Structure formats: C-alpha cells, structure tokens
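A.B. asks: Now for the letters of each chain:
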Amino acid sequence: MSTNSTNVVTAGVNIDAPEKANPCSRIIKTKGRSLANWVGGLLILGALWWLGGYMLYINPDTTNFADFGPIPTFKAFPHLWSDGTIPNALSASSYRLFSALGIAIVCGIPIGILIGRSKVFREVSNSPFQLLRMVSPLSWEPIAVIVFLSWNQAIIFLLAIASVWPVAFATAAGLAKVDPAWFKVAKNLGANPWHILIHIILPAITFDILTGVRSALGVAWIVLVPAEFLGVTSGLGYSIADARETLSYDHLTAMVLVIGIFGYILDSSCALAIKKFSWHHKEEP
Amino acid sequence: MSIRGVHISVKDLTHRYNSKCPLTFEKVNIEAEPGEALIIIGRSGCGKSTLLHIIAGLLATTSGTLLLNNEVVKKPSSRWVMMFQAPHLFPWLNVEQNVGIGLKFAGWPKKEAQARVAEAIGLVHMEEFAKQNAQNLSGGQQQRVALARSLVMEPELLLLDEPFSALDAFTRTALQKDVRSIAKELGINIVMVTHDIDEAVLMADRALVMAGSPGKIMHDIRIDLEDPRDREDPAVQSMRANLMQMFHDASHVPSDDDPSDEVAADGDMSTLHSV
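Protein sequences appear in the order of chains A and B. For the first sequence, our numbering assigns the number 8 to the initial residue and increments by one for each residue that follows. For the second sequence, our numbering assigns the number 572 to the initial residue and increments by one for each residue that follows.
Be aware that one or more of the hints could be misleading.
[Claimed, not checked] Label-pair restraints from in silico Cβ distances:
1) A:51 - B:745: 36 to 46 angstroms
2) B:745 - A:109: 44 to 54 angstroms
3) A:55 - B:707: 23 to 33 angstroms
[Stated by the list, open to error] Restricting the straight-line Cα-Cα distance to at most 30 angstroms, the calculated cross-link-like pairs of lysine-lysine (DSSO-like) are:
4) A:282 - B:582
5) B:582 - B:675
6) B:582 - A:191
7) B:702 - A:282
8) B:645 - A:126
9) B:591 - A:282
10) B:702 - A:184
[As the list claims (entries may be wrong)] To spell it out: a stretch of chain B is covered by chain A in this simulated footprint if at least three of its residues, at any positions, have a beta carbon under 8 angstroms from a beta carbon of chain A; those stretches are:
11) 579–588
12) 667–677
13) 755–763
For the record, the hints were derived by calculation from the structure and aren't laboratory data. As the structure is a computational prediction, the values presented were derived from the model and not from experiment. Using N, Cα and C, we set each Cβ at its ideal position, and we do this for glycine too.
Sequences are here, hints too, so could you generate the full structure?
C.D. replies: Right, here's the structure in full:
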C-alpha cells in the first residue's frame, strides 16, 4: 500500500479518510435544526400557557378564569369561525390596517426622499417631524373623532400617523447610504431626474423602504387593537372588548391568539419580501 | 455599431472650484482630430481629473471654451461618455441590464436595445456573464461591463478617469489592449487620465503632460508606435524613457503658489518609476 494513500485497510474493513460533507445534506440538517427550534419555541410557549391555565383551574378562587387556558380556547375556535366572528374581525381590521399602511407608504416614501435629498427640507422638517413622531398615536383619537366623519376613518388616520414615520425615516436613512457615484454615472448616461428617481433611487433603497414598512406594520398592528376598543362595532379590538364584557374568556383568549398569529404572518411576509427584493450580495440562482 | 470620432477643441480653459479656491488649472489648450487617443498624465492635484469632468459636461468651466465638433459642451451627453476609476455598476441589475440602462434612459425600443446590448457585451467578451448579477463579477469583469455600458451609447468620445488603477497587472494589460483596439475599430476618440506612464505609451496616440499648480499642459508628445504595442518592445521602452524624462522635467517647474512643489514632485516620481 502506498504511504500517501488516504485509505487504511484494517482487518478487511476499509476506513476512508473523513468524507466531505454533502452540501445538500448539510442544508437539510441546518433547516431541520431551525424547524425543530421553531417548533420547540412554540411548544414551550404552549406549555407555559397550559401551566398557567391549570394553575387557574386548580385554585378555587380563580377557577372562573380557567377558560383562559389553551383547551377552552381551542374549543372556542370552531364556533368563533363558523359564526363569522373571526373572519369579520379580520376583514374589518385588515381593511383599516392596509388602508393606513397604503397612506403611510404613499406619504412616507416621498417625505423620506425629500429628507434624504434636500438639506434645506431635512433641516426645516427635523424638529417638527421629531416632535410629531413622539406624540402617542392614540392621543390623536379625540381630535380624529372630531375631524373625521366616521370612526372607521378616524382609526385609519390613527394607524397612518403611527406608521408614516418608520417608512419616512427608513427611506431617508436608505438614501443617505446610496453611493453618490451612481447619480454621477446615471447623469453621465443621460438620465433625467425622473430616471434617477425610478431607476436609481427606488431600486437602491428598496431594502430600506421594506424594512421601514415592516416596522410600520408592527407599530400599526399594535395601535390597531386599542384604537378599535372605542366607537366601532367591528374588528379584532372590538371582538376582544366584546368578549371581555360578556365574560367569554375563552373567546377573548382565542381573539388574542388570532391577533398574534395574523400579526406573525404579516411580519413574516414582510421579512420574506425584504429577502426577495433585497439586492445586497445577491447570489445567482 | 457605427461610431465616429469627434473633433475636440479646448481653448484657454481655466477652472477654479469657487472664488475662495486657487485655480485648478489655467489656459489649457487641446486640439484633437476624430479617432485620436489622448492620454493626460500628471501627478495628483494638477487638475487632470477635473479637466476630464469638464469635458464630460459634469463640471462647469470658469473661463475658456470647450467645443466637441464645434458644439459647446454644457451638460453630460450620451455622445461623450465617461468611465470612472471604479465601475460603479448598479448592484440590483444583471450585466445585460447594467449595459442597457443608458438606452433605457434614452427611451430606446426594447428589441433594438437588446440587440445593441448584446453587441456591446460581445465587444468586451462578457457574453457568458450576461445574465449574472453585477455583484458576482470580479473587478476586471465589472470594469469590462462598465466599458460595454459606455460603448452601447455609441459615443463619439470615451473619457476614462484612471479606470484600470484598481485592477491587477494582468487584467489591466488585457483591458488596455482591448480598449485601444475597440476604440480604433469603432473610430472613437479617447481622452484618458492616468498616473501610469506605461499605460500612456501603450494606449495613446498623443500624451499630454500636465503639471504645476495651477495645472498647465507642459508637453504634447505624439506616440507613433505600431499596434499591437508590447511593453518589451525597444521602441515602446524608448518612448517610455522619453516620456518619463519629460514628465520629470515638467514636474520640476515650480508652482505659482507653492515654493516647496519641487520636493513634492520628486517624491511623486519615485511612485511613477515603480509603476
């Protein structure tokens, strides 16, 4: 046997040099571990929830609140779905959320571009924008109710004013990072200001805009539920308030769970969109 | 592609960035025939890159005239395109899209634009990378794509601002040869700025030595050498030595503003010798 061979034959058994890991199996292994961790995290949360419900159940003073536990909650789901509570609440809240997010995007991106491109606008707008940003969105509610014709419009306004700042500031931050040489190259190739906006600025800052939209979505989702506590007769916030007033704790917890799941889906969709539309270190398919 | 060169006429061109700054260069005069390759060599700060930006229409002159085919240059145009030190490709686009972006700005129909993009990519030998994202290319490949992006506009004049300075020696040599042969094939003018005297000898029909502060054209040397030019060719070596001597002499002209300029020029020459 040659001395530089990588194989060693011992008692008829061929012991190869350590095999190179198959990239495919490595990916499956990594993904499998991630999935296991994801499921594990949810199982821990479920276990803690069950434990909390059980503690309420075994204590005679709190037995009435045992419906907060997971079993009564999951039992309530079919009923809440079939009587239209969940679909109607989701539909009403989604309409408000996406209308507000649309307004925030339409207003926030141009504001962000102006902040990023115009020094004068940046300096003039800095103090008023920072001041307005620090006002709690819900504190606008009394004014919104007076100004707008319906509660629905007032809630959309509250969500829009909460979510416009993350979009605007993320856009401005993205623009600050854009390589100025790209503008010079584009001008050199005959680009006019419109070309620069559409073909250079917007693609260059897509990642930052989507990150801003993701933050805006999170803020709007948090503001949505308390905003729907008052005035309206539809939406996730209203359903929770209604369940509390009728002492239907299983319904209340089910609606909380719906808010969590739907919010998680929305946030994950944003994260996927950021991954898909980001050009940073894009690899070939 | 059918491209023609341009007659360049620079008369008494003077520039300063603002009234508080000293002159960048003064009374620069250049005449070039269509298809000529001019290389401007000079040490840092003599204003050669500023001159190039003015010719590209990216900066305004302070005084003097700049005419390309008897037309005053006031703004950038797809007829005179500049290649920068770094390729500055748009990383969200693939090679084809990067090359074709100027045609998109010019409102070209998609089919015609595609044909011209393919032709330009072919000129720089990047066909197999046409669908690749710009970020996945090497520095030399990116600079080839930047060259194709300039050529696709069918410019009359290609302005090059030290475009090969960040590349390795092998890639730089290959691109020097390619750019000169493409320019000669298409009949376009080149005006290039460099620190590299070898590059000037290998690529230029004429070398302009710029020095001083404010910068001035000190020498205008015709480089009549056969193509393809080889670094080891005695004629190339002799021209290089001549040019080096002229550069050395020009760099020792005391500046208007700085009496210590002579010492600084000596320091710079050591860098030039090592190129």
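A.B. asks: Run every hint past the structure and note whether it holds.
C.D. replies: So, going through the hints one by one against the coordinates:
no.	hint	in the structure
1	A:51 - B:745: 36 to 46 angstroms	60 angstroms, violated
2	B:745 - A:109: 44 to 54 angstroms	52 angstroms, holds
3	A:55 - B:707: 23 to 33 angstroms	46 angstroms, violated
4	A:282 - B:582	54 angstroms, violated
5	B:582 - B:675	34 angstroms, violated
6	B:582 - A:191	26 angstroms, holds
7	B:702 - A:282	20 angstroms, holds
8	B:645 - A:126	26 angstroms, holds
9	B:591 - A:282	48 angstroms, violated
10	B:702 - A:184	26 angstroms, holds
11	579–588	violated (count 0)
12	667–677	holds (count 5)
13	755–763	violated (count 0)
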